[in-house]
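Just so you know, the protein sequences line up as chains A and B, in that order.
Residue numbers for the first sequence follow the numbering used here, so the first one is 1 and each next one is one higher.
Residue numbers for the second sequence follow the numbering used here, so the first one is 234 and each next one is one higher.
What the hints contain is simulated information worked out from the structure, not anything from laboratory work.
Warning: the hint list may mix true and false statements.
List of simulated lysine-lysine pairs, DSS-like, C-alpha gap at most 25 Å [claimed, not checked]:
1) B:LYS329 <-> A:LYS183
2) A:LYS166 <-> A:LYS207
3) B:LYS399 <-> A:LYS230
4) B:LYS347 <-> A:LYS168
5) A:LYS114 <-> B:LYS401
6) A:LYS96 <-> A:LYS130
7) B:LYS463 <-> A:LYS166
8) B:LYS401 <-> A:LYS141
9) A:LYS22 <-> A:LYS96
10) B:LYS401 <-> A:LYS125
11) A:LYS199 <-> B:LYS374
12) B:LYS399 <-> A:LYS192
13) B:LYS363 <-> B:LYS263
14) A:LYS199 <-> B:LYS329
15) A:LYS125 <-> A:LYS24
16) A:LYS230 <-> B:LYS401
17) B:LYS329 <-> A:LYS192
18) A:LYS96 <-> B:LYS432
19) B:LYS329 <-> A:LYS230
20) B:LYS401 <-> A:LYS183
21) A:LYS199 <-> B:LYS399
22) A:LYS168 <-> B:LYS416
23) B:LYS374 <-> A:LYS166
24) B:LYS358 <-> A:LYS168
25) A:LYS199 <-> A:LYS230
26) B:LYS363 <-> B:LYS416
27) B:LYS432 <-> A:LYS141
28) A:LYS168 <-> B:LYS463
29) A:LYS112 <-> A:LYS59
30) B:LYS416 <-> A:LYS183
31) A:LYS166 <-> B:LYS425
32) B:LYS345 <-> B:LYS363
33) A:LYS83 <-> A:LYS30
There are 2 protein chains.
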Amino acid sequence: MISVVILGNGNVATHLHNAFLKAKNIAVSKINSRELENIPNSDVTIIAVSDDAIETVSKSILDRKGLIVHTSGAVDINIITHKRKGVFYPLQSFSKDTPVNFNTVPFCLETKHKEDYSLIESLAKSIGEKTYTINSEQRKKLHVAAVFVNNFSNHMYKIGNDICEKNKVPFEILYPLIEETAKKAQSISPEKAQTGPAKRNDIQTIKNHLENLNLQQQEIYQLLTTSIQKSIE
Amino acid sequence: MISVVILGNGNVATHLHNAFLKAKNIAVSKINSRELENIPNSDVTIIAVSDDAIETVSKSILDRKGLIVHTSGAVDINIITHKRKGVFYPLQSFSKDTPVNFNTVPFCLETKHKEDYSLIESLAKSIGEKTYTINSEQRKKLHVAAVFVNNFSNHMYKIGNDICEKNKVPFEILYPLIEETAKKAQSISPEKAQTGPAKRNDIQTIKNHLENLNLQQQEIYQLLTTSIQKSIE
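Same shape as in the complex, but just chain A:
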């Protein structure tokens, strides 16, 4: 049995709490990080608050025993003041109302002391399947990469949606293309999957496309076209 206390009230805290409640051999409780009094003892304390608040929360529970971890992709392990510290970073985009299947979520794990690693590994395996040992430097790079494949890809979808709405074409026509693009990046790599006017250097089509875009969209179209062409030189 592993006992866990989750400090926090956001999406990650809530989704982790729900998952641990259903897991075998885990005793979990969740506590609002603004009410840090009479917290029960636990093997692991998960600080699942916004990046800016991790240090403050850690300092306000200084005399706490057990392993103290945070859940952030962007923050160094050493932000935690305790000696026994670690990172328990589920790499997925969590939304309030969308259920999470932790079996498909990669857990990026790090501990300051080697002896603590198996503890958070067991914790991850109690709700998920995939664990990776990722140190703080690697995790920061992974977090930047995640911004590109998640936030920025999604913004490309947003612009596609805007163009469709403006021209009264159903955006759903593009759903199979979105799916296929995501699949090919995994099956044959994004480099091999690249197609389109930028790659072919199809100047006439690029010119036609630019005429159909607003200023902001044009700027993005041109920069990404240049970047694609540089990447295949």
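Start from chain A and add chain B according to the hints.
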């Protein structure tokens, strides 16, 4: 029975040919567009060549009977010289070695004469499920939107992959995030799905991210961050 001749030798020509060969009530033959002699008569002739070559191929088969269509997302219907003309545009990214499931491919259809529409609709339904009536103006916009959701999203994956490779982190850790991002764009819309430092205006994280990127990546990161922030104003 509908008889079809496909002119062309690229990915679209090949994948359509393979699909029609398996379809019921379709008689299909494929002919290299550089050997346009003794072409058998057909109800429909599909010009499946590169955008630049459509007009030339159409002019070189001027006396041909039946319905003449092209398969391009970017080219106007009127590029075809024949009176009975149309567009048969399967909106998907075709790769040479990746099999295509046409049941999931949206067919964007247009004919000059209303009477011809049911013919290409039947043709599309013989290998696929989803058909949309899309005129040339709409199709051009859809084609630009497709560049964003396909080529540019894929380039975001490419940059994510580059960052991972450079820092010796397995890119596969990001696969579930890529999948989830593609799914959420469809289930809750890209606008509602947006998360991340740009949306939160998390200045410290944005600054940290920029320090980890090369010049080209920084330029893209900054432009897309600005664009995300403008889009939620």
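Violated constraints from the hint list, given by number and in increasing order:
Violated hints: none; all satisfied.
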